[in-house]
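Protein chains in written order, with full-length UniProt numbering: chain A, 1 to 238; chain B, 1 to 238.
Because the hints were derived from the structure by calculation, they are not lab data. A portion of the hints provided could be inaccurate.
Since the list gives no way to pick out one identical chain from another, each pair is judged satisfied if it fits inside one copy or across any two copies.
Here are the simulated lysine-lysine pairs, DSS-like style, with alpha carbons at most 30 Å apart [to be verified]:
| no. | residue 1 | residue 2 |
| --- | --- | --- |
| 1 | 198 | 187 |
| 2 | 209 | 187 |
| 3 | 209 | 198 |
| 4 | 187 | 49 |
| 5 | 209 | 49 |
| 6 | 49 | 198 |
| 7 | 187 | 176 |
Number of protein chains: 2
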Amino acid sequence: MSIVFRQLFDEHSSTLTYLLADALSGDAVLIDSVAEQAALYLGLLQELKLNLVYLLETHAHADHVTGAGLMKERTDALTATGRHTGTTCADVQLADGDTLVFGDELIRVIATPGHTPGCVSYRWRHCVFTGDALLIGGCGRTDFQGGDAGRLYDSITQRLFVLPNETLVYPAHDYKGRRVSSIGQEKLTNERVPGRSKQAFIELMDNLKLPPPRMIDEAVPANQRCGDQYAIIDIHAS
Amino acid sequence: MSIVFRQLFDEHSSTLTYLLADALSGDAVLIDSVAEQAALYLGLLQELKLNLVYLLETHAHADHVTGAGLMKERTDALTATGRHTGTTCADVQLADGDTLVFGDELIRVIATPGHTPGCVSYRWRHCVFTGDALLIGGCGRTDFQGGDAGRLYDSITQRLFVLPNETLVYPAHDYKGRRVSSIGQEKLTNERVPGRSKQAFIELMDNLKLPPPRMIDEAVPANQRCGDQYAIIDIHAS
Chain A
1 MSIVFRQLFD EHSSTLTYLL ADALSGDAVL IDSVAEQAAL YLGLLQELKL NLVYLLETHA
61 HADHVTGAGL MKERTDALTA TGRHTGTTCA DVQLADGDTL VFGDELIRVI ATPGHTPGCV
121 SYRWRHCVFT GDALLIGGCG RTDFQGGDAG RLYDSITQRL FVLPNETLVY PAHDYKGRRV
181 SSIGQEKLTN ERVPGRSKQA FIELMDNLKL PPPRMIDEAV PANQRCGDQY AIIDIHAS
Chain B
1 MSIVFRQLFD EHSSTLTYLL ADALSGDAVL IDSVAEQAAL YLGLLQELKL NLVYLLETHA
61 HADHVTGAGL MKERTDALTA TGRHTGTTCA DVQLADGDTL VFGDELIRVI ATPGHTPGCV
121 SYRWRHCVFT GDALLIGGCG RTDFQGGDAG RLYDSITQRL FVLPNETLVY PAHDYKGRRV
181 SSIGQEKLTN ERVPGRSKQA FIELMDNLKL PPPRMIDEAV PANQRCGDQY AIIDIHAS
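Let the hints inform the model, and build the full structure from the sequences given.
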């Protein structure tokens, strides 16, 4: 098989990060990296003799600082985010339907707003990396960062649930040890969306009454600066 | 992408059946087919212009009659099972480590006895089809058909949990709408194996006190005759 696929986990933020590569060319991408794990990623790239070409974000995370800033200093990779994330520092501003190429591999961008206005999912081969739009058995919250439950419902039902049932769902987080789902499984078992009207979903999401994420005040501004380390240091010092 | 992957579900027996094909040659295999779904499989083969080369079984099922008998009448496919299943009618008797080729694709046989003595798993690319050895969050029972909890523990821990964490786990059944797991996920979340010693697992399995499968008296003899339709008709008429 001519591809590399590694699923990595940051215990502190329960973030799932994905390393994909075309083994022939060695060109690789990293989806939703975490600053604290940058040394691990650099070690893997070296061990597997890979050349990082893109640092992709599904959105401006509120629970961890992206590793993109640190990784960009040590590699030639370009940073890329959805055009509506507010991360004007990103090298590539992605729109729905855009393609990203690494080696002979193709990623297609799917706009999946709702958790935040700028959320995108990345479809690659038979996989979709859904960020916080669609989680295993659930979905991202919609009560901060411009969240909109109605838009999230549309993203999940009209952009993700229309993919083939066998499509593998790889989210940005899981808190219960789960690591993969499929569109078919989510259409059957997701606790928030199937069997619920858009209005009922909006009411559910508007009444979750969750505490704010611990790191939101640091993470969102740092991520909107593409994880620039100086920005992080400034924030930590303030 | 040059492969076909379809996951099919038989509602009556909650069986998951897998159609894999090399799209270039059109050569295909069917894993754990169900007699009642044969028309669906034949329709799919026709629609996708595929040529079935193997009808694979993970074991002699106790809960449904294989579709292999019916499919063999209508295709040129060979039937293949683990050599210790007692299905001497199968064209190919598989041993641990054997390879099966369809088009340019390769399947590797892994002996995973315990649910029954003849159980095998099939590893293909980054997937493993585990039959009833490893289910999502659980495992097959070991209280009939020569089941042996100790052997199953060894199969799961020494043959399956040693695969890369990203390896996708596709079982023969799920009763809760789940469709896929991974080795990493099962090592973290399986309710029977992780954190349990072999002895504790044997005690757990020996005390499940499950009712016998509804179809065991019909299904096992029919499957040991490779789903020969005359055998099924005889059984239904008796």
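Against the structure, the hints come out as follows:
1. 198 - 187: Result: close within a single copy only, 15 Å intra versus 36 Å inter.
2. 209 - 187: Within one copy only: 25 Å inside, 33 Å across.
3. 209 - 198: within (19 Å within a copy, 43 Å between copies)
4. 187 - 49: Between copies only: 28 Å across, 38 Å inside.
5. 209 - 49: neither (46 Å within a copy, 52 Å between copies)
6. 49 - 198: Result: close neither inside a copy nor across copies, 47 Å intra and 39 Å inter.
7. 187 - 176: both (19 Å within a copy, 12 Å between copies)
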